[in-house]
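Student: First to last, the protein sequences are chains A and B.
Its first residue numbered 1, the first sequence is counted upward by one per residue in my numbering.
Its first residue numbered 1001, the second sequence is counted upward by one per residue in my numbering.
Where hints are given, some of them may not hold.
[As the list claims (entries may be wrong)] Below, a list of computed lysine-lysine pairs in the DSSO-like style, where the Cα atoms sit at most 27 angstroms apart:
#: 1; chain 1: A; residue 1: Lys230; chain 2: B; residue 2: Lys1156
#: 2; chain 1: A; residue 1: Lys73; chain 2: B; residue 2: Lys1192
#: 3; chain 1: A; residue 1: Lys73; chain 2: A; residue 2: Lys29
[What the hints assert, rightly or not] With the C-beta cut set under 7 angstroms, the calculated list includes, among others, these residues of chain B facing chain A:
#: 4; residue: Leu1110
#: 5; residue: Thr1116
#: 6; residue: Glu1198
#: 7; residue: Thr1200
The hints are simulated quantities; they were obtained by calculation from the structure and are not laboratory data.
Owing to the predicted nature of the structure, the values given are computational and were not obtained by experimental measurement.
Heads up, the beta-carbon is just placed ideally off N, CA and C, and yes, glycines get one too.
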Amino acid sequence: MTSIGTGYDLSASTYSPDGRIFQVEYASKAVDNSGTTIGLRVKDGIVLAVEKLVHSKLLVPGASNRRIQTIDKHIGLATAGYLADGRHLANRARSEASNFREFYHSPPQVKDVTERLGQYVQVYTLYSSVRPFGVSTILGGVDKTGPNLYVVEPSGVFFGYHGAAVGKGRQLAKAELEKLKLAELSTREAVFEVARIIHLVHEDNKEKEFELEMSWIGAETQGIFLPVPKDLHQEAEEKAKAALDNFE
Amino acid sequence: MDHFPTNWGRPRNDAFDAYGTYPIQQRPNNIKDNFNGVQRTQQPIVTGTSVLAIKYKDGIMMAADNLASYGSLARFKDVQRLHAVGNHTVLGASGDMSDFQYIQSLLDDLIIEEFTEQDEHTLGPAEIHEYLSQLMYGRRSKLNPLWNSLLVGGYKDGKRFLAYVDLLGTTYSASTIATGYGSYIAQPLLRKAVEGREDTLTEREAQAILEESLLVLFYRDARSLDKYQIAKVTESGVSISESMALRTSWSFAEGIRGYGAQTQ
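Construct the entire structure; sequences and hints are all you get.
Tutor: See the structure below:
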């Protein structure tokens, strides 16, 4: 942390002499501490999965703070980083999507929502009076161009991916994603893969409990973004645990 | 340039605005009409005629023809006047078709907004009807009504729902409802065929009842068409049929004096 004490990291509106904006880099640090989030773009759809770390045994399972959120019928979003920031961005994405529908009388492509969300995030890197968002957002959906997956980073930049991972276990998750033949996988197969990868990357963080959150969209959901049904969720999780035992 | 013809050739009020610094619309003596520059809907333009709906054994069934008239001109003959709202509700509209299209887009947005909540609740026909009644009454209270008579039908949690709401915000519910000219011509036929038999009428019988009423309306209502669609809402959701044609017979016309070529 060479930036600390130099005075160039106090505001998002100040560059350091070598051209960096430390506040934006700190925001990325906030993302790196959070539970892993994975997005997969496969043959006919998208699967999003989140390792939701449970910070207290007293919490009611599955009752609060979903980290995968629905933006439009055909678009979903998963965040890593500050939960509340993620919720704010999801609300923004929803209003952008509905604004697009009102203006163009047609459903937005994933790219349209991503571009607008990217601009919104970028504005929070320009002023000393605001703090950049401490979240990386994975947006996925199926539109008229097919399945699409994007990641919006705290700086406001966004890229399209075949497979994306952000958060604590991203390195290992990315290595696993690269082994998959994403273009040939069906969404159902992808559900099993993401469940396995989330369980795998959790190994390094085993002292904490976690909930697996998964949502998908594809031919099986008739192009609607939905949580993975309970029975499939359970089956995928059991298989993931079994695969993990074999791995060891 | 002053783009308001009513101001052309009139002296500018130099005492008030010697150098023309006021934006045109704020200049005094530029009152365009008694409505202070705003006009509200005073009549429907492109209109649809009657919608019919009944309850039957498995749910509700609704019918409307495919015509949108421009005055007495049969202007558009391929207009769908039945609209699915979510998975439990169908909306049928008579009256102004552009207002109906506006209502459709409002409801589509509402359904998406509710969907994104992911709270395992969905809007049923009763909620949609309540929303529409508040919308219609709100608009009439602004003296700017949405010029429609709407039927809302649906099936959710084992219950049938059928209700009416119009441009004044008036609502009522019944086991048979018809809007417009159909409320005079078809409603008595529907009541006779349906009342007391709501729980036993089969899908086939219900469809036959509606088709018979549409046929009578086509003979009697000069703003109607022989192309129509039927929607049904049951346990398994909403389905709206393709366009179908009524089977009409005009042989009786020969016996009517004053109709067609006269031989004597």
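Student: So, for every hint listed, does it hold in this structure?
Tutor: Now for the hints, and whether the structure bears them out:
This hinted pair checks out: Lys230 (chain A) and Lys1156 (chain B) have alpha carbons roughly 23 angstroms apart, not beyond 27 angstroms. Simply put, Lys73 (chain A) and Lys1192 (chain B) have alpha-carbon atoms about 43 angstroms apart, too far for the 27 angstroms limit, and the pair is violated. Annotation: proposed proximity of Lys73 (chain A) to Lys29 (chain A) is violated, straight-line Cα distance about 32 angstroms (limit 27 angstroms). This hint is violated: Leu1110 (chain B) has a C-beta 10 angstroms from the nearest C-beta of chain A, more than the 7 angstroms allowed.
Nearest Cβ of chain A to the Cβ of Thr1116 (chain B): about 4 angstroms, under the 7 angstroms cut. The hint holds. Look at Glu1198 (chain B): its Cβ only gets to about 32 angstroms from chain A, farther than 7 angstroms, so that hint breaks. Look at Thr1200 (chain B): its Cβ only gets to about 34 angstroms from chain A, farther than 7 angstroms, so that hint breaks.
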